[in-house]
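Model the full assembly from the supplied sequences, consistent with the hints where possible.
These protein sequence lines are chains A and B, in that order.
In short: position in the first sequence from 1, add 47, done, that's the working numbering.
In short: position in the second sequence from 1, add 47, done, that's the working numbering.
Hints were generated in silico from the structure; no laboratory data involved.
On a predicted model such as this, the values are computed, not experimentally measured, just so you know.
Treat each hint with caution, since some may be false.
What the hints assert, rightly or not - Below, in silico cross-link-like pairs of lysine-lysine (DSS-like), each with a Cα-Cα straight-line distance of 27 angstroms or less:
hint, chain 1, residue 1, chain 2, residue 2
1, B, 166, A, 235
2, A, 235, A, 95
3, A, 235, B, 235
4, A, 95, B, 235
5, B, 166, A, 166
6, B, 95, B, 235
As the list claims (entries may be wrong) - Going by beta-carbon spacing under 7 angstroms, a handful of chain B positions derived as facing chain A:
hint, residue
7, 141
8, 155
9, 175
10, 178
11, 233
Said to hold, decoys possible - Reference listing, derived: stretches of chain A covered by chain B, where coverage requires no fewer than 3 residues with Cβ under 8 angstroms from a Cβ of chain B:
hint, region
12, 119-125
13, 208-215
All residues carry an ideal CB built from backbone N, CA and C; glycine is no exception.
Number of protein chains: 2
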Amino acid sequence: MKKVSEPTIGRLSLYLRLLLDLSDAGVSTVSSEDLATRSGTTAAQVRKDLSLFGTFGKRGLGYSVNELVTRLRSILGLERRWSVALVGAGRIGAALFGYENFRRQGFYIEAVFDSDPAKVGQSWSGLVVESDDRMEAVLSERSIEIAVVAVPVRAAQAVVDRLVASGVRGILNFAPTQLEVPEDVVVKTVDMALEMEGLSYALTRLNGASGAA
Amino acid sequence: MKKVSEPTIGRLSLYLRLLLDLSDAGVSTVSSEDLATRSGTTAAQVRKDLSLFGTFGKRGLGYSVNELVTRLRSILGLERRWSVALVGAGRIGAALFGYENFRRQGFYIEAVFDSDPAKVGQSWSGLVVESDDRMEAVLSERSIEIAVVAVPVRAAQAVVDRLVASGVRGILNFAPTQLEVPEDVVVKTVDMALEMEGLSYALTRLNGASGAA
Numbered sequence: 048m049k050k051v052s053e054p055t056i057g058r059l060s061l062y063l064r065l066l067l068d069l070s071d072a073g074v075s076t077v078s079s080e081d082l083a084t085r086s087g088t089t090a091a092q093v094r095k096d097l098s099l100f101g102t103f104g105k106r107g108l109g110y111s112v113n114e115l116v117t118r119l120r121s122i123l124g125l126e127r128r129w130s131v132a133l134v135g136a137g138r139i140g141a142a143l144f145g146y147e148n149f150r151r152q153g154f155y156i157e158a159v160f161d162s163d164p165a166k167v168g169q170s171w172s173g174l175v176v177e178s179d180d181r182m183e184a185v186l187s188e189r190s191i192e193i194a195v196v197a198v199p200v201r202a203a204q205a206v207v208d209r210l211v212a213s214g215v216r217g218i219l220n221f222a223p224t225q226l227e228v229p230e231d232v233v234v235k236t237v238d239m240a241l242e243m244e245g246l247s248y249a250l251t252r253l254n255g256a257s258g259a260a
Numbered sequence: 048m049k050k051v052s053e054p055t056i057g058r059l060s061l062y063l064r065l066l067l068d069l070s071d072a073g074v075s076t077v078s079s080e081d082l083a084t085r086s087g088t089t090a091a092q093v094r095k096d097l098s099l100f101g102t103f104g105k106r107g108l109g110y111s112v113n114e115l116v117t118r119l120r121s122i123l124g125l126e127r128r129w130s131v132a133l134v135g136a137g138r139i140g141a142a143l144f145g146y147e148n149f150r151r152q153g154f155y156i157e158a159v160f161d162s163d164p165a166k167v168g169q170s171w172s173g174l175v176v177e178s179d180d181r182m183e184a185v186l187s188e189r190s191i192e193i194a195v196v197a198v199p200v201r202a203a204q205a206v207v208d209r210l211v212a213s214g215v216r217g218i219l220n221f222a223p224t225q226l227e228v229p230e231d232v233v234v235k236t237v238d239m240a241l242e243m244e245g246l247s248y249a250l251t252r253l254n255g256a257s258g259a260a
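Next up, the structure:
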């Protein structure tokens with residue numbers, strides 16, 4: 048199979064979200080034009096993205112919403128349940144713990160760790176916050192595959208090294224730093240300030256400032 | 048000036064972050080190779096990204112860290128202070144309010160709104176949470192240009208319409224929904240579940256599952 052770019056995967060996730068909404072609304076077929084409008088892209092882009100994974104839809108009839116949902120869930124690895132650990136029970140950790148769309152898509156936070164004795168032992172919706180001393184034992188007991196890292200920058204690499212050594216293969220990182228991991232581990236860093244800078248760049252251009260050399 | 052892609056802008060932000068770290072560490076020059084290694088890309092990509100904005104660096108001598116910081120801050124619209132409003136004082140709002148890198152890059156949250164009477168009037172680091180009834184008045188008084196939207200999906204479009212009508216031109220959206228805005232308004236949606244699906248996709252591939260049709 049061809050290598051698929053990150054923006055393509057992002058669009059597939061977005062199509063899936065839109066299709067789930069259509070399915071909830073009782074809609075059974077959708078055209079590439081309609082999907083394109085809803086996702087802010089072109090019909091040609093939609094067809095190209097979906098064609099990467101085989102033949103979908105019937106010419107002139109559009110796509111079956113339910114069939115496309117099933118195929119996209121398969122492509123994105125969402126046909127199964129993923130066991131997730133949250134490392135860092137601070138403000139960002141708390142916000143992520145309550146994020147409903149994780150569960151909706153099959154990502155279940157089944158362990159929470161913190162190094163602060165005041166937080167260890169707290170019950171978060173029935174899940175006990177564990178001391179990070181217990182990380183290796185708990186990750187293994189609960190067969191955790193993905194970790195969300197919401198610790199300060201200075202602690203992030205050490206935490207990630209321990210996660211990787213315990214068999215975690217996917218990391219969603221909220222510490223604004225580059226992490227080093229082996230090739231068979233996938234890291235995605237979410238950096239809110241970086242998104243904000245995309246806004247300031249665009250606004251500066253829109254306002255007609257030149258900025259270019 | 049050429050149109051610059053979102054991934055390029057993301058890399059420029061990342062280079063700036065790495066350069067600020069180098070500057071803090073007292074480093075005065077950096078090569079495109081070094082910058083590439085630190086940012087997980089190639090030296091050719093670094094040179095290509097920077098060349099979009101004019102001539103930087105001297106062949107064989109690398110880039111002056113401080114000069115590059117100045118130029119990147121100018122390109123990204125970070126030479127100034129941005130006044131930001133936060134709409135939604137829930138868990139995600141609270142996490143974003145405490146996010147230090149916003150201030151470090153010049154984004155100052157100067158208004159917080161919520162519709163919940165229990166939250167209105169609370170003091171967040173000295174800033175009073177305002178009722179969303181007061182949104183138009185406060186946005187105007189405080190010359191807000193960027194808003195962070197952290198409200199439930201069902202409320203998001205109505206909030207955004209009011210923000211846009213009050214002159215807000217940039218929106219960082221945390222509600223997992225597509226928002227409609229006029230052409231001169233920039234929206235960036237941060238969707239944590241979407242990032243998570245990028246992980247499950249990659250892990251499913253790594254594990255050798257086919258998934259393709």
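Now for the hints, and whether the structure bears them out:
no.	hint	result
1	B:166 with A:235	33 angstroms, violated
2	A:235 with A:95	25 angstroms, holds
3	A:235 with B:235	18 angstroms, holds
4	A:95 with B:235	24 angstroms, holds
5	B:166 with A:166	24 angstroms, holds
6	B:95 with B:235	25 angstroms, holds
7	141	6 angstroms, holds
8	155	11 angstroms, violated
9	175	19 angstroms, violated
10	178	22 angstroms, violated
11	233	4 angstroms, holds
12	119-125	holds (count 5)
13	208-215	violated (count 0)
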